[in-house]
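S.K.: Residues per chain, in single letters:
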Amino acid sequence: MRYETVIGLEIHAELATKSKIYCSCSTEFGAAPNTHTCPICTGMPGTLPVLNKKVVDYAVMAGLAMNCSITEYGKQDRKNYFYPDLPKSYQTSQFDQPVCQNGYLEIASENGPKKIGITRIHIEEDAGKLIHDDLRGYTLVDYNRCGVPLIEIVTEPDLRSAKEAKCFLETVKSILEYLEISDCKMQEGSLRCDVNISVRPAGQQQLGVRTEMKNINSFSAAVRAIESESERQIDLLEAGKTVIRATRRWDDVKNQSFDMRSKEQAHDYRYFPEPDLVPIVIDRQWVSRIKNSLPELPDSRKKKYLSKYGLSDADAAQLVSSKKISDYFEDTVGNGASPKLAANWLIGEIPKLLRKKGTEEIPFCAEYLAKTIQMTEKGSLSSSAAKAVIEEMFDRPRDPENIAKEKGLLQINDEAAVMAFVEKVIEENPQAVKEIKSGKDKAVGFIVGQVMRYSKGRANPQLINKLLKDILAEK
Amino acid sequence: MRITTEQVRYVAALSKLKLNEKEQQRMIEDMASIIAFADQLNELETGEIKPTAQTLGLFNVFREDESAPSYEREVMLANAPEKDDGCYLVPKLIE
Ligand SMILES: [Zn+2]
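Just so you know, the protein sequences line up as chains A and B, in that order.
So that you can map any letter, position 280 of the first sequence is 266 in the working numbering, and since no number is skipped, the others follow by simple counting.
To convert, take the position in the second sequence, counting from 1, and add 1; that gives the working numbering.
One thing to keep in mind: the hints can contain errors.
Think about it this way: if two alpha-carbon atoms lie no more than 27 Å apart in a straight line, the pair counts; the simulated DSSO-like pairs of lysine-lysine are [claimed, not checked]:
(1) Lys65(A) with Lys17(B)
(2) Lys115(A) with Lys17(B)
(3) Lys423(A) with Lys393(A)
(4) Lys115(A) with Lys93(B)
(5) Lys115(A) with Lys100(A)
(6) Lys19(B) with Lys65(A)
(7) Lys84(B) with Lys74(A)
(8) Lys51(B) with Lys200(A)
Among chain B residues calculated to face chain A with C-beta under 8 Å, some are [said to hold, decoys possible]:
(9) Met2
(10) Glu67
(11) Leu94
Please keep in mind that the hints were generated in silico from the structure rather than gathered at the bench.
Keep in mind the model is a prediction, meaning the values are calculated, not measured.
Beta carbons are placed, not taken as given, at the ideal position from N, Cα and C, and that holds for glycine.
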């Protein structure tokens, strides 16, 4: 039997505010344990939380960018559960009146663009970090992350494959990066996702029993978790068994999910309105003010790259997937580089060098890249020389023209100089010349290669070809 | 309203409480009377009334996004029954 996998995501993104959601403790990552806490974020009795306005601004920005309607009257609620990562024994979250509702995002699927519904985006606080000490049988608790603001983005069960889920996650990540409201560092836990997944026989209307998978720390882990869990569920159904509704923990090392405590039903969280926090009234002026200040989003940039610069769909998508690279691309083009050449470098060689050097930041300015590209267009740099110049700029950023001169990388475009090399090679290789004349094109490559060798790679290859043709025609 | 032993056990489990037979029996009575007390509200006609989450009459009380020094760790940990490595210590948890 064929089965269909149905996936919904709950994405948690830490917001890039300076201070926590209800107190002025810093949100900075990596501080020594429990050095960013106070009576408010540790839930001491008698304290009064006050909402950080920027958290609402950021949630509205995310909502507008994801086509949501913005709630006019929102409130916050207590979600009760007992676990030591939460010193108050409840998480302040939103239940029935979240900041944003009913949105969607478009992703590229196998059957063309597809709309994925967004049920809601709400604001809430993050929990603390637990470090399990197996040796001593203790758990250590660090409350630095406790009270860091989050938005939770909940999708409709509209995704049908691991690939679609990955594409959706990438789209969300790039939007949050463009809005500059989250660092989106999965390795630091500032972007996390839970996956709800069920399977059903193809064609069946009713949804199957779903499980929820937690502890997914990268997009590739999400793909593996979805594939593994949908297989597990299909195997159960095939064997005539049933799927049990449960929360499962994904273990990326074992490539397997494990049953966690049986999931408390929603009403067991005993949500109730947070009495210490007053309603959030978002008037339409506030919304339009934010709407007018939204930066250009990846989707609109991509459209521009297609129509204005004539880039391919894949190249445009690749460029806009990273805000840093896309910003750099715009800057390079603004400095006079050809968009197509700039795109080629920023998709191919430069990401490769970034990985090699272990950095995310291109260490030289876009003006230098633009100048390097212009030098290749003018023929004063071959593409392999340009590569060497760019690699050098990674180590010691400076004017590419100076680097080319220093390193003797400037291409030789002088006809007489190149001719001297060509004549020398022809004289030394009469056999190859014979072969060319008898129609063996491979020998042309050999001659060009020899000229490049003598010129230390600097002779302009087009010029070599042209001169070679001229000489052979004469002979 | 009748409360069953199962319901008592369920609520106890949610509240991380251990109740013996005798305590469970007492809870059945207590919870029944608590619910009967709350049930009095059902006698009121509330169809026309909007749900009320706040009675303060205030809204949009915000703070600006400015960070300030936190409390000293030693001060924060002063009340912790057990601590180590600048952390609170709790019994080991298994998920
Ligand atoms: Zn605090």
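S.K.: Confirm or reject each hint.
M.R.: For each hint, the structure was consulted:
no., hint, in the structure
1, Lys65(A) with Lys17(B), "16 Å, holds"
2, Lys115(A) with Lys17(B), "21 Å, holds"
3, Lys423(A) with Lys393(A), "37 Å, violated"
4, Lys115(A) with Lys93(B), "13 Å, holds"
5, Lys115(A) with Lys100(A), "37 Å, violated"
6, Lys19(B) with Lys65(A), "23 Å, holds"
7, Lys84(B) with Lys74(A), "18 Å, holds"
8, Lys51(B) with Lys200(A), "37 Å, violated"
9, Met2, "17 Å, violated"
10, Glu67, "6 Å, holds"
11, Leu94, "5 Å, holds"
In the structure shown, a violation is registered for the earlier hints numbered 3, 5, 8, 9, in ascending order.
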